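K.L.:
The residues making up each chain are set out below.
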Amino acid sequence: MSAASRGSRTSNRRVVSRVIIYTLLITMAIAFLIPVYMVLVTGLKTPDQVNLSTMWALPGSPSLESFSTAFTELAPNFGNSILLVVPATAISAILGSLNGYVLSKWSFRGANLIFTLMLFGMFIPYQAILIPLVRFLQSVDLFGSMWGLILVHVVYGLPITTLIFRNYYAEVPTELLEAGQMDGAGFFGLYWRILLPISAPGFVVVIIWQFTQIWNEFLFGVTLTSPGSQPITVALQNLAGSQIIQWNVQMAAAFLTALPTLIVYLLLGRYFIRGLLAGSIKG
Amino acid sequence: MTAVSTAYPSPPRRRRINKDRLTAFLMILPSIILVGIFVYGFIGITVYTSTTDSNAVQQLSGIPANPIGMQNYNDLVNGQLNTRFRVDMVNTVFFTALFIAACLGTGIGLAILLDQSVKGENAFRTIFLFPMALSFIVTGVVWKWLFNPTSGLNALPAVIGLPPGQFRWFISEQTILTFYWQDVPVILGFIALAILSCVSLYYWAKRRSRTAAILTAFTMLVLIWLTFGDPRSLITLQRAEEHGFNLALIALVVAAGWQMSGYTMAMYLAGLRGIPEELREAARVDGATEWGVYRHVILPLLAPITLAAIIILGHISLKIFDLAYAMGGGDNLFIDMPGLNMYFLTFRGGQFAVGAAVAIVMLIMVAVVIVPYLASSMRTEKSL
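Protein chains in written order, with the numbering used here: chain A, 1 to 283; chain B, 1001 to 1384.
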């Protein structure tokens, strides 16, 4: 067998394997996008166009009617979710940053054990704390209020925000802080002048993570709120659970609920993945 | 406080650093206290509640709850009225197993495909991972529409001229692999037997005879218990109660897998990118085929990631709530889960104590998966 034909055979095999790889990837991509297609197609139809036999068909004349209906339906809860997510994310990010700073640069005896015990808090099924939590919130008059929900999300967000910042600050060389100490900076001086200015990527990861988690959360949202303070996921579930709301409105509502986190993901996906992996792979 | 670095010998500065240490501790203290109360304190209260007869009627009339020991737990396993909990446990086991398998399979497949230096890798990754950014409620609502038995996914085969699918997805009432609840101790015994004997064989093969001997002894004990003990008598439920794998769970697996397999892919991809190119080169130079490189070099190196993925996915599926809520609303027992049961018992039924017991069972299941993981990662960090 000549070298030339052997070469062309390997290059043939290469072409075949490339074709297989791309076919598989494109098929999978289409499969992953099917729900998106269905949401858009159904959401753009008018109620009389929605029927089971033409479920997959494109809308005859696209209409934004379902989106505006869904938006009117969800607007108050959309507002609630914003009012919940912004303060809860901000507070838990700041606390997480301070905790991470302490644990990575001012570690004390037993810090490792305490940190591990904290981390356990992010894995528990929240059902296991829900009954005392409800009674506690009732006793301090925060049950059913936005502030109660914010408090809960801040507290149960502490483990993950602390974890992300601890690992982020662990990368910062200690010499940098020692130099600052030589210049007479104390605990807050070091944080303010040295760590905080280089913390932006850490904050982006934490803010995206917390934003997504809290926006998407359902269990606390459904158990700790009153009808006036329900977040958007609860409103979507109520809307989809009632038999009279039509599929086009349901799909439009699902789209509106997903939109904020989707935009964040599409714009800042890199940081989103970092937060995602922080929860699973340590160090 | 004597262990201050020798780099700061002058007394005033040392005092300064000691003061900073104290400040640092005081800064983290509120978080420690909050987590202490909201996680551990509340778990303690839930455990206590689960050993009482606390319920809405008792609470409204102002009567204190009576301690009744393990009665609620006993009722969950053996009570005539608690079939729903037992269905949930069986559902959780099948759902967890299938969900993990689906995510690992899809995840590693996609990661390997994307690792072949493909064009548009970023676009593909974005597509496979975007469901992770969604709420399980959104996923549930959308897939409920897709699972419509008379159209939706079932209509897809018709596109290429095949007959439409007949599977009724999440409203399917088919159950396979059925068994009786009374058989559960026997089944668990056999599973323990299989695992123990495999592990002890492994240790015999490794010539670590002491560990192997202990394991073999345990294997024998289980065998003796299965043969001469009466495992079925552990269950005091009188009625023969049939359980099994509800096919409706497949719908839940598809939706949850759609949402989480991109995550698994991202974990594997991070692992693949961490493997130095030289290692692959070396294997290729030794004459390994592309498949051989994966089989013998890369997959073994990914084992820790598989373990981490199993733990992360497992704890998600053991406590799954939102997705099952959105797809079944708690009305469809074929896809019911303990998390839903706890919610309905507590917040709709006012049976706080029973709800607390279900929650503690969930906590124990999750802890079994998570605690060894956390403990081992704490130990490896210490050795650094």
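Calculated directly from the structure, the hints in this document are not laboratory data.
A quick note: this is a predicted structure, and the numbers were derived from the prediction, not measured.
A portion of the hints provided could be inaccurate.
As the list claims (entries may be wrong) - What follows is a list of derived Cβ distance ranges for each label pair:
no. : chain 1 : residue 1 : chain 2 : residue 2 : range
1   : A       : Gly241    : B       : Glu1281   : 55 to 63 angstroms
2   : B       : Leu1307   : A       : Ile82     : 37 to 45 angstroms
3   : A       : Arg109    : B       : Ile1037   : 21 to 29 angstroms
4   : B       : Thr1083   : A       : Ile82     : 38 to 46 angstroms
5   : B       : Gly1274   : A       : Ile94     : 28 to 36 angstroms
Claimed, not checked - Residues of chain B clear of chain A, computed beta-carbon distances all greater than 12 angstroms:
no. : residue
6   : Val1142
7   : Asn1148
8   : Leu1201
9   : Ala1255
Heads up, the beta-carbon is just placed ideally off N, CA and C, and yes, glycines get one too.
K.L.:
Indicate, hint by hint, whether the structure satisfies it.
P.N.:
Hints and how they fare:
no.: 1; hint: Gly241(A) - Glu1281(B): 55 to 63 angstroms; verdict: holds (56 angstroms)
no.: 2; hint: Leu1307(B) - Ile82(A): 37 to 45 angstroms; verdict: holds (39 angstroms)
no.: 3; hint: Arg109(A) - Ile1037(B): 21 to 29 angstroms; verdict: holds (22 angstroms)
no.: 4; hint: Thr1083(B) - Ile82(A): 38 to 46 angstroms; verdict: holds (43 angstroms)
no.: 5; hint: Gly1274(B) - Ile94(A): 28 to 36 angstroms; verdict: holds (32 angstroms)
no.: 6; hint: Val1142; verdict: violated (5 angstroms)
no.: 7; hint: Asn1148; verdict: violated (6 angstroms)
no.: 8; hint: Leu1201; verdict: holds (32 angstroms)
no.: 9; hint: Ala1255; verdict: violated (9 angstroms)
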